[in-house]
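Quick note, the sequences are listed as chains A and B, same order.
Take the first sequence: its position 323, counted from the start at 1, is 323 in the numbering used here, and no numbers get skipped.
Take the second sequence: its position 189, counted from the start at 1, is 189 in the numbering used here, and no numbers get skipped.
Where hints are given, some of them may not hold.
[Said to hold, decoys possible] 20 Å max Cα-Cα, derived DMTMM-like pairs, lysine to aspartate or glutamate:
1. A/227 to B/291
2. A/96 to A/113
3. A/63 to A/75
4. A/24 to A/321
5. A/5 to A/75
6. A/227 to B/160
7. A/318 to A/291
8. B/98 to B/113
9. A/177 to A/160
10. B/227 to A/29
11. A/48 to A/272
12. B/227 to A/160
Derived by calculation from the structure, the hints in this document are not laboratory data.
2 protein chains.
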Amino acid sequence: MATVKVGINGYGTIGKRVADAVRKQKDMEVVGIVKAHPNYETRMAVQKGFAVYAPAENVDLFKEAGIEPAGTVDDLIKEVDIMVDCTPGNVGQYYKDKYQAAGVKAIFEGGEEHSLTGVSFNSTANYQESWGVQFSRVVSCNTTALLRTLGPLDKAFRIESAYVTIIRRAADPGDSKTGPVNGLEPSVRLPTHHGPDVQSVMPWLNITTMAVKVSTTLMHVQTVVAKLGRDATTEEVLAVLRAAPRVRLVKAADGIKSTNQIMEMARDLGRDRSDMYEIVVWEEGVKVVGDTLYYYQAVHQESDVIPENVDCIRAMCKMADGPASVAQTNQALGIDH
Amino acid sequence: MATVKVGINGYGTIGKRVADAVRKQKDMEVVGIVKAHPNYETRMAVQKGFAVYAPAENVDLFKEAGIEPAGTVDDLIKEVDIMVDCTPGNVGQYYKDKYQAAGVKAIFEGGEEHSLTGVSFNSTANYQESWGVQFSRVVSCNTTALLRTLGPLDKAFRIESAYVTIIRRAADPGDSKTGPVNGLEPSVRLPTHHGPDVQSVMPWLNITTMAVKVSTTLMHVQTVVAKLGRDATTEEVLAVLRAAPRVRLVKAADGIKSTNQIMEMARDLGRDRSDMYEIVVWEEGVKVVGDTLYYYQAVHQESDVIPENVDCIRAMCKMADGPASVAQTNQALGIDH
């Protein structure tokens, strides 16, 4: 089978990671990446050997900055089988029209609405639903996290209802424009989008989410209360979580009490950009009382969706079934969970 | 009626506020405060005209620092009707024995266990239970917050169960020793103490709490999910909260989106230390779906228990009934909610 030709439109937090992750796979290649403006990230892309494409109207800007683009976005679209669209939220429709006209497949990210594609993707919960489709959407970091754990738990125990509070990072580590710097900011419009977003993949799940933005950059934390379909034990739940793909259990007793300690461990793991692709669950924080389950999980907002994007390419291009793709992606990215 | 003679043992975050609040009441007076070590807060107490007492073993330290103590802790105990014990958590038993021996009443704070006193106090929920008792305990800031809103809601709708996530400040504004600085730290031992603490005042309430410590100093935020005994409307719930003592509704649309904006408003209110005694609920964040209520509330950890301490003195010294005491305290402290 020939390798699948992948383009990456947008080379920010997600795009640059998808580019590196795709490059590490044996069955796909990065034809080029699109960066809207020339900056340090663009130079890093050149240095890494990626062909850099630019929006037609910005080609001169690139030349002035000493970067010769390999072509325009439209040029790249003609050369690929599938585009991973990591442009900022809500410009998806503009590009979708271009992809449609060119007859190429495209993956959108969680910043776009489910309605843009009609199908949303998570490797664990619904890999097969994106099989062969032209357009799909990898849900956002928080939604991916919820699907990674609630998916297997729902299969094991049937979840009657779930109440989630998301304690959101205020900014990514490389940002310096948002806050709060010392404050807590609730998302007062309820429900927050995360619940309906989970339902775009698991439509039967009765889930409500609340969210508070806090002064941190490293990760989100979620508190989950789930009413199970039957009484269960904490040990049964831990067994399901241990077996769940891309879920990593850690122990406070082992010195991992906080998200900054999780990210310190991620740096020790030696992965690209010190990322933590897995959803991290505190083992001592899992507790079942009767039919009610409580747990905490941490979400590395910059990277948890990266393996999902790789798997989504395989599903849409009919390259491998779900478990095989997850295994391939994991091996290439150094994920052993 | 003669004014009640009050001593304050411990002059930190809570103690210094209780001292000022008691001083503002017409029916009680501060005989003296106890500070363990001479520091800038001790000098401020002297400057404010409080008689400063010291532990016997530290009297020399005070003299060396140029502060002449009015006496020892034991001296102060002999001069008061009631002591408000704001010493650090878990030294309560040591002092309780002294109060007991001297036959004086004493209030402990939320850092002590309910079992120390056998009765815990909240002005709204159970004022009368501390009527005339020798020892009572004003519950902690987070517990006080939950009682302020869940108490009236339970009366109006009967709460079947409540799931609360507490997003806790890492340190008080004046602290510089704790963290996390950039991270989120869940309390993995479930349930956290807050649920049982609420039950020390409302034993019939089925409540579970989870908590995450975050990088902020100003306030806590709580997300509350409450199953009501019947279907209700958002407007009905708002009406109950509007009528609830020491609960203040704010609007994100009015520019109060975050805890730092709440505290900015508190500074504009001109109260002592720019405190926010009320529990602050975001109006747009209150939502009822069927029988399930969701809301966010913010808690000024340094001050919400202060009016409660004043009321507790009145209950224990049989000075006024609940509503009368709340009204008096509120007027003296500038609380109009």
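Do the hints match the structure? See the list:
1. A/227 to B/291: Holds, at roughly 16 Å.
2. A/96 to A/113: Holds: residue 96 of chain A and residue 113 of chain A sit about 13 Å apart, inside 20 Å.
3. A/63 to A/75: Roughly 17 Å separates the two Cα atoms, so the pair holds.
4. A/24 to A/321: Holds. Residue 24 of chain A to residue 321 of chain A sits at ~19 Å (cutoff 20 Å).
5. A/5 to A/75: It holds: about 14 Å lies between the C-alpha atoms, which stays within 20 Å.
6. A/227 to B/160: Holds, at about 14 Å.
7. A/318 to A/291: violated, 40 Å
8. B/98 to B/113: Distance ~18 Å between residue 98 of chain B and residue 113 of chain B Cα, so the pair holds.
9. A/177 to A/160: Cα-Cα ~40 Å, so violated.
10. B/227 to A/29: Not OK: residue 227 of chain B and residue 29 of chain A at ~52 Å, beyond 20 Å, violated.
11. A/48 to A/272: holds, 13 Å
12. B/227 to A/160: Status holds; Cα separation ~14 Å.
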